[in-house]
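Trainee: Letter by letter, the chains look like this.
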Amino acid sequence: MNVIEVKNLTKKYGNLVALDNFNLEVKEGEILGLLGPNGSGKTTAINCMLSLLEFNNGEITIFGKKMSPDAYEIKKDIGIVPQNIAVFNELTVYENIDYFCGLYVMNKEKRKKLVDEAIQLVGLQEFKNFFPKKLSGGLLRRLNIACGIAHKPKLIFLDEPTVAVDPQSRNNILEGIKTLNKQGATIIYTTHYMEEVEQLCNRIVIIDKGHIIAVGTKEQLKKMMELGEKITIEITNLTKKHIENLSQLPNIKNIRVIDEDTLSIHFTNNDHNLLNVLDYVKDNNLNCIRVYSELPTLNDVFLEITGKELRD
Amino acid sequence: MQVYKVYLKILKRLYPFILMYVVIFYGIFLLQSMNEPTTNNLDFQIVKPSIPVINHDDSLLTNTFIDYLKEKTKIVDIAFVEEKISDALFHRQIYYVIEIPDDFGKSFINKQTKQLKISKIPASAVAIYVESLINKFFNTARLYLVSGIDEATLSESIIKDLSKEVKVEIKDKITNNTINAGYYYNFSNYVYLCLLILIISLITQVFNQTELKKRNLSSPVKLKKINFQLMLGHISVTIIVWLIFVIGSLILMKNVMFTFNGLLLIFNSLIFVIVAANIAFLIGNLAKNSEAQSAIANIVSIGSSFICGAFVPQMFLDKKVLLLARFLPSYWFIRANDVIVSTSKLGDTQFSIITKCIVMQIIFIFIIYFMNLVITKFRRKEVK
Amino acid sequence: MFKHIFATRLKCLLREKSLVFWTLIFPLVLGTFFNLAFSNLASAEKFEPIKIAVIDNKEFREDENFKKVLSDLSKDDDKIFDITYTDEKEAEELLTDSKIVGYIYKDEEINLVINKNGFSQTIIKSFLDQYLQISSTISSIIKIDSSAIKKGLLEEINNHQNYIQDISKENIDDTVVYFYTLIGMVCMYAGFWGIKTVNELEANLSGQGIRLCLSPVHKLKAFLYSLLAAFLINFIEILIVLGYLVYGLKIAFGNQINYIILLCFIGSFTGIIFGAMISAITTKSENFKTGLMIAISMFLSFLSGMMNINVKYFITNKVPFLANINPVNLITDALYSLYYYNTYTRFFINLGYLTIFAIVCTVITYFLIRRRKYASI
Chain D
1 MNVIEVKNLT KKYGNLVALD NFNLEVKEGE ILGLLGPNGS GKTTAINCML SLLEFNNGEI
61 TIFGKKMSPD AYEIKKDIGI VPQNIAVFNE LTVYENIDYF CGLYVMNKEK RKKLVDEAIQ
121 LVGLQEFKNF FPKKLSGGLL RRLNIACGIA HKPKLIFLDE PTVAVDPQSR NNILEGIKTL
181 NKQGATIIYT THYMEEVEQL CNRIVIIDKG HIIAVGTKEQ LKKMMELGEK ITIEITNLTK
241 KHIENLSQLP NIKNIRVIDE DTLSIHFTNN DHNLLNVLDY VKDNNLNCIR VYSELPTLND
301 VFLEITGKEL RD
Chain G
313 MQVYKVYLKI LKRLYPFILM YVVIFYGIFL LQSMNEPTTN NLDFQIVKPS IPVINHDDSL
373 LTNTFIDYLK EKTKIVDIAF VEEKISDALF HRQIYYVIEI PDDFGKSFIN KQTKQLKISK
433 IPASAVAIYV ESLINKFFNT ARLYLVSGID EATLSESIIK DLSKEVKVEI KDKITNNTIN
493 AGYYYNFSNY VYLCLLILII SLITQVFNQT ELKKRNLSSP VKLKKINFQL MLGHISVTII
553 VWLIFVIGSL ILMKNVMFTF NGLLLIFNSL IFVIVAANIA FLIGNLAKNS EAQSAIANIV
613 SIGSSFICGA FVPQMFLDKK VLLLARFLPS YWFIRANDVI VSTSKLGDTQ FSIITKCIVM
673 QIIFIFIIYF MNLVITKFRR KEVK
Chain A
697 MFKHIFATRL KCLLREKSLV FWTLIFPLVL GTFFNLAFSN LASAEKFEPI KIAVIDNKEF
757 REDENFKKVL SDLSKDDDKI FDITYTDEKE AEELLTDSKI VGYIYKDEEI NLVINKNGFS
817 QTIIKSFLDQ YLQISSTISS IIKIDSSAIK KGLLEEINNH QNYIQDISKE NIDDTVVYFY
877 TLIGMVCMYA GFWGIKTVNE LEANLSGQGI RLCLSPVHKL KAFLYSLLAA FLINFIEILI
937 VLGYLVYGLK IAFGNQINYI ILLCFIGSFT GIIFGAMISA ITTKSENFKT GLMIAISMFL
997 SFLSGMMNIN VKYFITNKVP FLANINPVNL ITDALYSLYY YNTYTRFFIN LGYLTIFAIV
1057 CTVITYFLIR RRKYASI
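Chains D, G and A, in that order, are what the protein sequence lines are. Each residue of the first sequence is one higher than the one before, starting from 1 at the first, in our numbering. Each residue of the second sequence is one higher than the one before, starting from 313 at the first, in our numbering. Each residue of the third sequence is one higher than the one before, starting from 697 at the first, in our numbering.
Hints listed in this document are in silico derivations from the structure and should not be mistaken for laboratory results. Certain hints may be false.
As the list claims (entries may be wrong) - Straight-line Cα separation of at most 25 angstroms, SDA-like style, residue types lysine to any residue; simulated pairs:
{"#": "1", "chain 1": "G", "residue 1": "LYS321", "chain 2": "A", "residue 2": "LEU988"}
{"#": "2", "chain 1": "A", "residue 1": "LYS821", "chain 2": "G", "residue 2": "ASP379"}
{"#": "3", "chain 1": "A", "residue 1": "LYS865", "chain 2": "G", "residue 2": "SER444"}
{"#": "4", "chain 1": "A", "residue 1": "LYS980", "chain 2": "D", "residue 2": "PRO132"}
To be verified - To give an idea of the chain D side of the interface with chain A (calculated C-beta under 8 angstroms), a few residues:
{"#": "5", "residue": "GLU54"}
{"#": "6", "residue": "LYS66"}
{"#": "7", "residue": "PRO69"}
{"#": "8", "residue": "ASP70"}
{"#": "9", "residue": "LYS76"}
{"#": "10", "residue": "PHE88"}
Stated by the list, open to error - Sample of chain A residues with no beta-carbon within 12 angstroms of chain D, all distances over it, derived:
{"#": "11", "residue": "MET697"}
{"#": "12", "residue": "LYS764"}
{"#": "13", "residue": "GLU784"}
All residues carry an ideal CB built from backbone N, CA and C; glycine is no exception.
Construct the complete structure from the given sequences, taking the supplied hints into account.
Mentor: In structure tokens form, the structure reads like this:
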């Protein structure tokens, strides 16, 4: 069953088209990664799905019902973690989580249990009575998450929850999200960190300039791009002829010259390519300084599709 | 001059804020001076209080009475709506209202007892004055009635009698403008304190923020140089703020400000802005954050303005309040202003008071400066 | 849900120390300063005997009548003059040092020497004139009717009669107005609470707002509950300030306590909704809005006479429109009319204008925060 269905969503800010004919399906129980550089329209897409933003065109259903600002039945089961820290500075960690949880869960005892669980999940037990101003950036992010998920929603939106976070907090956060998913929550996770998506998501949607440019599991995406092993090799006595010869090797997709001595050789498959390359080096008495092989990353996928790096 | 440049940049951003205080200052000052009677004539003139007269009678006697009043008072033309007059009385626009009932003149001549209905601010000087005029007029009339003359002769005789006057000689030639200048400078106490505290303490705080200070301390620019540039910034701000109001006074009251008294007022205010700048620096050093700082700025400036007589003149303040005020620099600044404008011929008595006031302010400068030194030293250790 | 939001909002607002300072501590301190400055003002307005000197020369000593008149004017409680009898040189010095307002010396005529024009000087002259005038009167009456003295003229001279009936109002202490503007200011400072409330409610103003908008809570309901919390705090603050003024500083407030509380109730609401409106109109930062609110309420208080009571009179008479749309002035004027007038018409007119102001702000605010979707966030 699809938890969310977005059809032909278009959102314009004046002349600027933020989302252009955006279509998306989110399946129950998955962790969907919305991947794209800053300003690509990830947050706008989420805000439109949640009926927070007006949009020009499109249809959105969540849990099979049409989403609207007063679809309280739907909202009851949604949790959101906004991109910016959204907590009250005047309330302690506990009070903050309790307040936001209280907007969903009236029963005090039940709520107390839920709040404690949320604190447990993000590992803020020791900081229960701290005011947000006293928390470090990473702990604040964890609080930000706890406030959005304490009421055990079935569908959780996490909008770049790990921006500017120390590695320890990041691991804690990612583990927490996995736990939530295991407990049955469907998760939509936006980020521009490739590694997180690879580590976390079942399915990935790549967005750029308001368009979906690719959808699939990470393996599917890589396959779709026919991306295989990448071998980088540094040779001091390299000539044009050698490059031409190298490109005749089996399964070669292309060769990029990175600088005078360095080549990046891309293959369409993943196995046995290094041997072929090394054989050629040996046979031709090439002076090889370094060679290493990598499996393709999503960054390569993104690079392949858009021609630009993700992180800028 | 990196630090100094940053200083000026922050200052530039604060200009709407400065503008707001300037507007409020001149707004109040102009309204206030509009209310003062303008007797700039150097010959003797009686000061005529404004008196509304509501006359229901049309006899020769009452008309003579009103003519007489017109000579001694300003009979104002407030719309004779009871509420308007009551409002004016309450707000001290007028101190006395006379209502002449029907047939008052006739009743008076027939020695009956109709009375003028009056409303007043009791025991005020105006009330005493106007009542003496009323009594004078009607008691004189009463005396003539003893001789049984007719109304026309009566009126004529009264006017003749009441035009007898003593000779008046004016020794000093002080004008209302001078008094206005005193008010202007007293009131400037508030804006000087408020503006300087807000600006200087805000900027001090920006530069005191530990992170920034650490960076400054570790930068190749020597701490002494930084402090020197900051000091230069504070001095610039102080002079700018001082000049705004001094130039304003020169424009508004040029005939007063270019006299010796006027120059003394300016000199006194220069001493005071130095005190104010030191206070501002102290508050900037002490206040923990910008919220606390704006709270302190308001309380210090409004508080010392009220207690020391910037808003309500010192002569109207309670003795005990004034005793307390002596511990504040504003008191000495304002006291000096009051003495400076009290006469155009400053004698030894005045000079000794003015000197004392200025010396007191200088003592305050040293005390506060010393406190600042101690605190800055202490703070530097904290950072290390 | 009401209890949950209401209680949390109370906590949030009360823990914002700087707001509590501005809306409660600051007015209390300001009231104390007002009191220190004005406590003596009513008695300062009272006429003080004017200090004069009389040159004690031969001419003066020989004029028994004049001596008697001066001594009559300078004895008893309601004396007009404080007289120093001295020689010319000392009188001159006293005048230079402003120890006296003027001095009198007599040669063939009566002369008055003063330093500058002023009201005290006018009074001295008026009383001296009177002496000459009575002499003139007596001689002209005797000219008209030589039997006047027999008819009792001299007795009649001292038989002063009262020609006036005093119908002054009792409550005429104008310094109370400063304290009334203070109440008006506290009401407007409620705007700070309003700003904070809306800021934390609107999704395009804060993250907390986003969370609230996405929760299954009706936004207007949440707004109403939050507003109530802000209102409760401000209303209690006003009562505290009012209590301090009435019982601590003994400021006179008329005796219609119910009406005063009703006024504070509406005033407090007006302030909050005004702040809410400002907050909803612009997406600028909270600091900007708070600064704007301070500037606005300072300016409105200034127009209502907080810095100088004449400003209020001037505005009310010359620009009545401005007086009627200024909530601080309306509150001040309503309190003033309760204190000064015995009728309530003016009070209710002020209250009416204030209510209209509040309703306009409420309607604008309603239309601004009614929307559930935003054009941009």
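Trainee: For every hint, state whether the structure bears it out.
Mentor: Tested hints:
no., hint, verdict
1, LYS321/G x LEU988/A, "22 angstroms, holds"
2, LYS821/A x ASP379/G, "19 angstroms, holds"
3, LYS865/A x SER444/G, "21 angstroms, holds"
4, LYS980/A x PRO132/D, "23 angstroms, holds"
5, GLU54, "5 angstroms, holds"
6, LYS66, "14 angstroms, violated"
7, PRO69, "3 angstroms, holds"
8, ASP70, "7 angstroms, holds"
9, LYS76, "5 angstroms, holds"
10, PHE88, "5 angstroms, holds"
11, MET697, "7 angstroms, violated"
12, LYS764, "78 angstroms, holds"
13, GLU784, "75 angstroms, holds"
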